[in-house]
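2 protein chains.
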Amino acid sequence: MSFDRLIEKIVKMQNPTVVGLDPKLEYIPEYIKAKKFDKYGKNFKGAAKAILAFNKGIIDEIYDIVPAIKPQAAYYEMYGWEGVKTLAKTIAYAQEKGMYVITDGKRNDIGATMTAYAAAHLGVTDLDGVEQAAFGSDALTVNGYLGTDGIAPLLELCRQKDKAIFVLVKTSNQSSGELQDRKLDDCKSVYETMGEMCEKWGGEAMGKLGYSSVGAVVGATYPEQLAELRKALPNTFFLVPGYGAQGGGARGVANAFDENGLGAIVNSSRAVMLAYRKEQDCPEKDYAKAARREVIRMKEDIVSYLPKISLE
Amino acid sequence: MSFDRLIEKIVKMQNPTVVGLDPKLEYIPEYIKAKKFDKYGKNFKGAAKAILAFNKGIIDEIYDIVPAIKPQAAYYEMYGWEGVKTLAKTIAYAQEKGMYVITDGKRNDIGATMTAYAAAHLGVTDLDGVEQAAFGSDALTVNGYLGTDGIAPLLELCRQKDKAIFVLVKTSNQSSGELQDRKLDDCKSVYETMGEMCEKWGGEAMGKLGYSSVGAVVGATYPEQLAELRKALPNTFFLVPGYGAQGGGARGVANAFDENGLGAIVNSSRAVMLAYRKEQDCPEKDYAKAARREVIRMKEDIVSYLPKISLE
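In the order they appear, the protein sequences are chains E and P.
Note that the working numbering numbers the first sequence so that position 38 is 38, with each residue one more than the last.
Quick note: to get the working numbering, add 312 to the position in the second sequence (first position is 1).
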């Protein structure tokens, strides 16, 4: 249980980054789209098949150097159930290659319904006695606005199986402060309070490497809050979006890490998926090789601000 | 735009209720499951086909007296992409029968990603020039923890097309107060503040019947907060879960309505889906007829505490 399995991969690869697979159709090289549209038609099926081929190409090029992927559910739901099928196949393919998968779904609901989301994304579904995994991811992002009821069903799964969650604490977007930065009557902000709830929930599901099964999403775009939260939440592992395209730099991102270079994983999506367009004269058939080059650049950028990543 | 289309249906049917279709496999009559498992196997396909047949049966019995259904995404995702296909087919079937559909997904994310969710659930997806609707619902529940960025893409769709959203304000679960009831430094609670944000967002997308495109989720289990919010948020239409199975009574629910018996729609899920088990000696083949009887009972219970529902 907890993030131990992810942390071990990070240490082994000396790479605390995750590649976000948020594949809008417009990001995908024309040759892939042409092939799939020709075969299946210019419809959701064709689009979903193109996205799957694109994802597999990237996974093939990065699985030996990047510990995890983070598919964003919205970009699959956008292509209907065919898109959602591609989400399931992407998760399975990455896991076959040994990668850790974080489904970015920001799910939230009351207890009974959260039990259904937990089964869907991290656990198994009971089909009148036959158990099957629907999406079978390793970790899920969730929103804690509903309080403990909405988190408890996930904790049970984290304890029973080797799973984990990331709760939204301080998000990377510009307007995140509208609610999250507001001070409560005890002078703590909403995001600090949510962070404290993560520590509390995580207390019931601690791992062996110092971090619990309950992580927090903290945006790279707010480096001061990253530093403050790292200090306040010693057992909470961070997922840090917003590096690169959203403007968060590696120097600020270093604030998310502990003295062993652990405690966080930094996400990049667009910069990796679209690396082939940013490089000069990169043929689109080399999109995955360009993604690999960007992943290496990103890793080197980030670790250059960190102590050596180690378990001691 | 806005909830005008829903409000008109409510007035015409004199029925401010919505049936939640959250069909766990265990709720479904054995004869339906046996038929579909025999045909497709005891797998996600068989389960998804059973759920679709169950949903269609209920819709056929209620579409002439109930204005809307609210499928809960979690209970479809639980059955994998096959389940998600059943969600899409359920939405389309209900709309063919003239019903208004609220997808209960509680989606939330930063702006760019929320644009993808908006396209997925309420809008259309661009397939390199070909536009197709993925789920094409009429309204979507969302979580406003990320602030304006995460709501703006939806507002645009509400303005352009005839769509609407419900933002979580005060949820029906027991632990909803852990964050939502906390007072901010201006002495207003988090849920009051979220409610005020709904009014502000809705100001940019008002309908003709007094309510904006931005509704709020307020639980039936908190009648005092319902009354207080109804007064504070005159242009915000309420979705009220928690009636029945979760313990909210019709007298308390009346607090959600305005002086014309409008301004809210009350959800019931389990009590309708499982009416056939609660009735004495109801054969399971009559599950949909039992659902109809429960829907009528619920409507009569709720309207008995309301003024006559009218547009004036």
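Worth double-checking, as some hints may not be accurate.
The list that follows gives simulated cross-link-like pairs (lysine-lysine, DSS-like), each with its CA atoms no further than 30 Å apart [unchecked claim]:
no. : chain 1 : residue 1 : chain 2 : residue 2
1   : E       : K89       : P       : K590
2   : E       : K89       : P       : K401
3   : P       : K473      : E       : K24
4   : E       : K285      : E       : K308
5   : P       : K512      : E       : K183
In case anyone wonders, no lab produced these hints; they're calculated from the structure.
Owing to the predicted nature of the structure, the values given are computational and were not obtained by experimental measurement.
Practice task
Given the hint that P:K473 pairs with E:K24, test it: the Cα-Cα distance must not exceed 30 Å.
Solution key: Between P:K473 and E:K24 the Cα gap is close to 22 Å, so the pair holds against 30 Å.
Handout entry: Pair hint E:K89 and P:K401, alpha-carbon separation not exceeding 30 Å
Key = holds, 22 Å
Exercise for the section: Verify the proposed pairing of P:K512 with E:K183, using a straight-line Cα cut of 30 Å. Expected result: holds, 20 Å
Practice task
Quickly compare the C-alpha distance for E:K89 and P:K590 to 30 Å and report which way the hint goes.
Solution key: violated, 40 Å
Problem - Pairwise hint evaluation, E:K308 against E:K285, where the allowed Cα distance is 30 Å at most - result: violated, 35 Å
Checked against the numbered hints above, the structure breaks hints 1 and 4 and satisfies the rest.
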